[in-house]
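Participant: Whole structure, please, built from the sequences with the hints as guidance.
What follows is the residue order along each chain.
There are 2 protein chains.
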Amino acid sequence: MHTDLVAALDIGGTKIAGALVDRQGRILDRAQRPTPAQEDGDTVMGAVDAVLGALSASPLWQRVGAVGIGSAGPVDASAGTVSPVNVPGWRDYPLVARVRAATGGLPVELIGDGVAITAAEHWQGAARGHDNALCMVVSTGVGGGLVLGGRLHPGPTGNAGHIGHISVDLDGDRCPCGTRGCVERIASGPNIARRALDNGWRPGPDGDTSAAAVAAAARAGDPVAVASFERAARALAAGIAATATLVEIDIAVIGGGVGKAGEVLFAPLRRALTEYATLSFVRRLAVAPAQMGTDAGLVGAAAAALARSEDPAVAGV
Amino acid sequence: MHTDLVAALDIGGTKIAGALVDRQGRILDRAQRPTPAQEDGDTVMGAVDAVLGALSASPLWQRVGAVGIGSAGPVDASAGTVSPVNVPGWRDYPLVARVRAATGGLPVELIGDGVAITAAEHWQGAARGHDNALCMVVSTGVGGGLVLGGRLHPGPTGNAGHIGHISVDLDGDRCPCGTRGCVERIASGPNIARRALDNGWRPGPDGDTSAAAVAAAARAGDPVAVASFERAARALAAGIAATATLVEIDIAVIGGGVGKAGEVLFAPLRRALTEYATLSFVRRLAVAPAQMGTDAGLVGAAAAALARSEDPAVAGV
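These protein sequence lines are chains A and B, in that order. To convert, take the position in the first sequence, counting from 1, and add 28; that gives my numbering. To convert, take the position in the second sequence, counting from 1, and add 28; that gives my numbering.
To be clear, the hints were calculated from the coordinates, so they are not data collected in a lab. Quick caveat, the model's predicted, so the values are computed rather than measured. Even for Gly, the Cβ is constructed at its ideal location relative to N, Cα and C. One or more hints might be untrue.
Stated by the list, open to error - Listed below are several chain A residues computed to face chain B (Cβ distance under 8 Å; list not exhaustive): (1) 104; (2) 107; (3) 111; (4) 129; (5) 181; (6) 188; (7) 193; (8) 196; (9) 206; (10) 207; (11) 270; (12) 271; (13) 303; (14) 307; (15) 308.
Facilitator: Here it is as structure tokens:
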């Protein structure tokens, strides 16, 4: 029996995406369902089952040897459970056991969504060839993951690289997570927009108050919009520099909606990094925009499953 | 020929210590010289040569198979060079090549001093049995190192775990390293003492204005002294929580002079951790005082040399 493919699941608060992926990271088949995020846990699992059902109807399914899952967090890879903030019906939900059962006992690898994005950028994107990298998603929230010593570093529970919830302002505003001055509390899209509005920025005739609208205003020279992105850039720089100082990364890759703002974000970010990344071993740290598109979560989940199945020490675990 | 021993060097701004260490971490012989820290580079190297000369006079020397060096940083393990802040004569100084030459070509492993302390605490101290740990020295400065996945994580240049110079207060006071609001700028002994004095604390008749004197005053109930330790504890908590959130450690070990302050530090530190370490996967994080004494640097340098020589993939590198 050929088992040269893996099934990948990308589970978020809006949609559940699935794909069959080969060892080159090509997506050969795919399925998707909306996430019934406000329903009970079994209903949410029903959507996962529907995606798996659609995939297993493919003639390629018999070549699938493992399943990789990238899920909104927190996850607990050691317990095989997930507790996505935006899916209240799933708390310590035994997703790994359910997916294993639904696939006839295939090995299942679970990682957080930030870790999955990182696996994808390291395999095929902006972190390719970098043995020590931080990859981030800056959008509604701020997530991330780490590559250390040439390998994905999910940590024991699959949540490592959670840069959105480290404090860079210990007396700062309280984040919904409970901590003060989190990177996310300063640098996420909604916080960029909120800060611009609080300081007097007003949207155009279309009423668009998104971070993308603030970015457009900043590009047009609006000083309040510029200042809000500069503040976000400083928080990101402090967090990236902290990560580099702690684990010696040489590149930080930034994706997500805010990451697409371009030089409005990256120019002040590079300036701020010279202030916060000062020790000799972090001064060469580079920042780069993400290269993977919306399939990053699927490709990364596939990468994690393939990496696990290729490591003889843990094969089949 | 037996090569069951390693030679260890602990190089700081005050002294250069050396030892012959067996595979159980026992120190069988030792030598020490003051560091001529303000002299030129070759004079400093002369002190290292003197320590190695004294060790090599031991009948045990013929059993030495490798040398481990823990040095004040920054170091560059990939280049084999050191640039200790307090030893200006050494800038990108080729210490590894010099020690290799002085020992007839023995393999030499170089790590930062914070990483060395970590290796020792993980081998024989408070981090023993923990696969993911941060070990810190809080004294004149704040240093540290990481154990990830059961192994020391020195990083490519040997400086990983440099928690003293991550920013937890992005608008804070500037640290001599250039960054604002570093953990060290808030939590080191001199900064604890400075803050207490700035806020009106006055020393006793002996005129002692050290952090140890502030700790004694805090134990006696002086509110300004208590507040200065609480502020240090908050900065340490924010830094430790950031580390746990980024790489999933389950214990933080704190040594050094400030670490010896006991509950004056640890009680507010544990309270502050409940504020800054809020995500599910970091909530069980423990803090503990260091267990290794003044030989930690030597034992850790020996551990690094032994670990390297036992890893067949990198033996002799």
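Participant: Would you mind marking each hint as holding or not holding in the structure?
Facilitator: Hint by hint, here is what the structure shows:
Taken as an interface hint, residue 104/A checks out: its beta carbon lies about 7 Å from the nearest beta carbon of chain B, inside 8 Å. Checking residue 107/A against chain B by beta carbon gives a least distance of about 11 Å; that is not within 8 Å, so the hint is violated. Restraint check, residue 111/A versus chain B: the minimum CB separation of about 7 Å is within 8 Å; hint holds. With a cut of 8 Å, the hint placing residue 129/A at the interface with chain B is violated, because the nearest CB-to-CB distance is about 25 Å.
The beta carbon of residue 181/A comes within 7 Å of a beta carbon in chain B, closer than 8 Å, and the hint placing it at the interface holds. Residue-level restraint check for residue 188/A holds (minimum Cβ-Cβ distance to chain B is 5 Å; threshold 8 Å). Nearest Cβ of chain B to the Cβ of residue 193/A: about 6 Å, under the 8 Å cut. The hint holds. Because the smallest distance between the Cβ of residue 196/A and any Cβ of chain B comes to about 5 Å, under 8 Å, the interface hint for this residue holds.
Satisfaction of the interface hint for residue 206/A is found here, the shortest Cβ-Cβ separation to chain B being roughly 4 Å, below the 8 Å cut-off. Against a cut-off of 8 Å between C-beta atoms, the interface hint on residue 207/A holds, since the closest Cβ of chain B lies about 5 Å away. Taking 8 Å as the C-beta contact cut-off toward chain B, the hint placing residue 270/A at the interface holds, the least distance being around 4 Å. Interface hint at residue 271/A: satisfied, since its Cβ lies 6 Å from the closest Cβ of chain B, which is below the 8 Å cut-off.
Taking 8 Å as the C-beta contact cut-off toward chain B, the hint placing residue 303/A at the interface holds, the least distance being around 7 Å. Interface restraint check: residue 307/A against chain B, minimum CB-CB distance 6 Å, threshold 8 Å, status holds. With its C-beta approaching chain B no nearer than about 5 Å, residue 308/A sits inside the 8 Å limit, and its interface hint holds.
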